[in-house]
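Colleague: Sequence:
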Amino acid sequence: MKDLKTLAGSVILVGVLAGAHAQEVPLVPTLEPMIIRADPLERAEASMVRPVSVLKREHILTRDLRNIGETVSQELGVSASDFGPGAGRPVIRGLGGPRVRVLENGIGAMDVSTISPDHAVALEPLFAEQIEILRGPSTLLYGSGASGGIVNVVNHRILDAVPEDINGDLYGHYNSVADDFTGAFRLNAGAGNFAFHLDGMKRHTQDYSIPGYADAVPEHGARRGVLKNSDIRAENFSGGVSYVGEQGFLGVAVSRFRNHYGVPGHDHPHAEGEDGHDDHDGHDHHEHEDHENHNDVRVKQRQTRFDIKGAVYDPLPGLKMVKTRWGYNDHTHKELEGHEVGTLLNNREWEGRVEMLHQPLAGWDGVLGLQYQDRNLSTAGEEAFVPGSRSDALSVFMLEKQALGRWHFELGGRYEHQQAIRKADDFKVSHNAVSISGGANWAFLDGYALGTSITHAQRAPALEELFSNGPHFATGSFEVGNTSLRKEKSNNFDVYVRRRDGYLDWTLNLFANLIDDFIYLQAVDRAGDGLADRVDREGRLDGDGLLLLNYHQTNARLLGVEFETIAHLLNDNRGKLDVRLWTDYVRGRLSGGESVPRMTPLRFGGVLNYGRGPWRGIVDVMRVHKQTHAAALETATAGYTMLNIQLGYTLEGQAANYSIFVRGANLLNEEARRHTSFLKDRAPLPGRSAMVGMHVNF
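Take the sequence shown: its letters are residues 1 to 698, numbered as in full-length UniProt numbering.
Source of the hints: derived by calculation from the structure; they are not laboratory data.
Predicted model, so just to flag it, every value in this text is computed and none were measured.
A portion of the hints provided could be inaccurate.
Claimed, not checked - Below, in silico cross-link-like pairs of lysine-lysine (DSS-like), each with a Cα-Cα straight-line distance of 25 Å or less:
(1) K487 / K423
(2) K56 / K202
(3) K487 / K576
(4) K428 / K489
(5) K334 / K423
(6) K487 / K56
(7) K202 / K300
(8) K202 / K320
(9) K300 / K334
Kindly generate the complete structure, drawing on both the sequences and the hints.
Modeller: Pasting the structure below:
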């Protein structure tokens with residue numbers, strides 16, 4: 001409560017300063033409306049009746065770009081389920097995994113990242129033009145996997161307009177915390193009715209530095225200062241071409257993704273008599289390591305993805321536009337112990353959407369859509385804990401909006417049929433999911449809006465929740481699914497009030513998510529001794545073995561609050577100064593009163609952003625409160641403070657703009673462990689770092 005009182009006092013102070021400054025400076029800052037591409041109606045952020053955040057490219061490049069989870073982890077209501085630097089998925093309002101869909105231009109990532117937290121999302125945030133975060137259920141638009149929200153990464157791999165000139169950018173940085181060298185380029189060009197796109201990226205890091213020990217309770221003789229087996233080697237290249245005419249456009253793109261990263265914190269159960277801590281004594285952590293210790297787990301990902309996107313304008317009377325997007329992905333994921341492949345996953349997946357936007361009908365403007373998904377997951381290896389499976393889903397959805405004076409209304413519905421089949425015995429599980437929602441926005445005063453939305457969402461169990469049964473050494477667990485799982489049914493209530501007047505903007509969100517038959521993975525204590533059971537690779541009890549985790553179902557309730565204020569204190573010849581203060585909190589309880597596992601704790605932070613002429617400086621501080629509301633057999637997590645500072649200089653030329661920057665991250669060198677991470681007690685976040693980089697925009 002003390003932290004919340006401090007934050008409230010800061011908010012009031014910023015409001016007073018902004019109000020006083022508004023009387024001194026006549027110039028009112030204006031911002032271009034940010035269009036939400038994940039919304040079929042492509043509305044501006046301000047007109048959405050649901051909570052949404054947008055990161056533009058200039059802000060994305062100031063974030064941690066190791067993975068999409070890290071990139072968005074300081075947005076309102078968003079954290080990450082990091083499993084070392086190679087893997088991290090977004091956690092939205094305490095929900096992650098198969099409840100949060102990560103999209104690329106409105107089509108799923110189509111990888112295996114939802115199966116396990118150590119599986120990386122096969123998507124590169126460095127190419128993003130903007131990243132959109134829809135908080136709360138988005139099943140209406142994107143299906144069962146979006147019951148917690150979506151993160152949509154928008155890039156220009158398929159252009160819908162022909163560039164007048166060749167344009168693009170170059171980016172590169174070096175980060176001291178892991179000897180991280182990252183470089184990327186983007187290029188757009190046009191010829192006649194054709195538009196072309198190329199992009200590419202390479203990243204090479206070593207094991208990263210940490211303030212203390214990797215383990216929260218270190219063993220005797222453990223080495224300080226480095227998180228072993230946390231390096232990354234990745235590359236991503238793509239090309240796209242589209243034809244643009246007066247009546248629409250059609251384009252295709254192909255991309256190739258390769259990723260090789262270590263899974264830290266691994267302790268193989270059959271590695272007896274090894275402490276694993278003294279292997280690198282006397283060596284600097286930036287020297288190359290072979291990572292061939294059989295106690296290490298490595299992941300190699302290979303992916304080829306094809307995308308098609310098109311639109312036809314005014315195709316028939318009554319229709320404004322018909323849009324379509326299709327994607328196919330061939331994704332291979334290998335988990336290696338030394339040179340041996342312990343697990344091999346191959347995911348071949350289709351996803352397609354057709355959206356028909358109609359002309360206003362009785363005052364309602366909207367879209368009718370179809371979505372199809374087909375997934376074929378093949379598995380091999382002694383440690384393949386998810387069996388080979390197939391799934392498909394067919395959905396129809398509609399979304400309608402209407403404006404009446406100061407009121408904006410939204411209604412929508414979706415029906416989805418999904419089936420999952422275990423290949424070994426053709427065992428089939430089918431579910432029908434129905435989602436409906438309604439919302440309203442009332443601009444009760446100029447610059448002020450009050451809104452609410454109510455959603456009933458249903459989620460069919462994911463393949464891993466149904467069929468898992470075996471050892472998963474990368475996470476040190478033995479996971480057991482349940483084919484009798486019922487679909488989740490949630491009722492979500494969102495209420496917000498916001499102000500947008502140019503000098504002081506703020507938003508307050510209150511939400512409640514009531515979930516029946518909530519599916520969660522939890523440790524087992526069959527002996528009743530207060531200790532989580534451990535088993536060997538065959539599932540037999542073994543005190544030094546793998547953590548036994550079962551998929552359970554019960555009712556859950558998640559309640560939360562989000563608040564953000566941005567004060568534009570300067571916007572004149574003295575420069576431009578913005579101050580942002582924010583906080584978010586979510587509390588999750590199961591029906592028996594226990595806490596929902598791995599919930600995001602209370603967080604609050606502030607950002608000071610000042611620019612004058614070619615110079616720009618950013619001071620960013622975030623306080624994460626300790627998490628004492630631990631689930632059964634889960635440990636509490638200490639709080640920490642993150643302080644980051646960035647300074648940049650931009651030189652504007654006739655043909656290009658050149659920006660150089662330096663950035664210090666975790667300048668307090670805090671030992672930071674995320675409660676949302678399965679690996680929190682064995683792999684802290686990186687320590688103090690210095691980054692230098694350059695961005696050329698032409």
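Colleague: Next pair to validate is K300 with K334; report whether the Cα-Cα distance is within 25 Å.
Modeller: holds (5 Å)
Colleague: Take the C-alpha atoms of K487 and K56, compute the straight-line distance between them, and say whether it is at most 25 Å.
Modeller: With a Cα-Cα distance of about 36 Å, the restraint between K487 and K56 is violated, given a limit of 25 Å.
Colleague: Going straight from one Cα to the other, do K202 and K320 come out at no more than 25 Å?
Modeller: This hinted pair is violated, its Cα atoms lying about 41 Å apart.
Colleague: What's the verdict on K487 and K423, does the C-alpha distance respect the 25 Å limit or exceed it?
Modeller: Satisfied, since the Cα-Cα distance of roughly 21 Å is no more than 25 Å.
Colleague: Is the Cα-Cα distance between K56 and K202 25 Å or less?
Modeller: Distance ~22 Å between K56 and K202 Cα, so the pair holds.
Colleague: Measure nothing beyond the straight line between the CA atoms of K487 and K576; if it is 25 Å or shorter, mark the hint as holding.
Modeller: violated (50 Å)
Colleague: Would you mind confirming whether the straight-line C-alpha gap from K428 to K489 stays at or under 25 Å?
Modeller: holds (21 Å)
Colleague: Below or equal to 25 Å on CA atoms is what counts here, so check K334 against K423.
Modeller: holds (20 Å)
Colleague: For the pair we were handed, K202 and K300, check the Cα-Cα distance against 25 Å.
Modeller: With Cα atoms ~15 Å apart, K202 and K300 stay inside 25 Å; holds.
Checked against the numbered hints given earlier, this structure breaks hints 3, 6 and 8; the rest are met.
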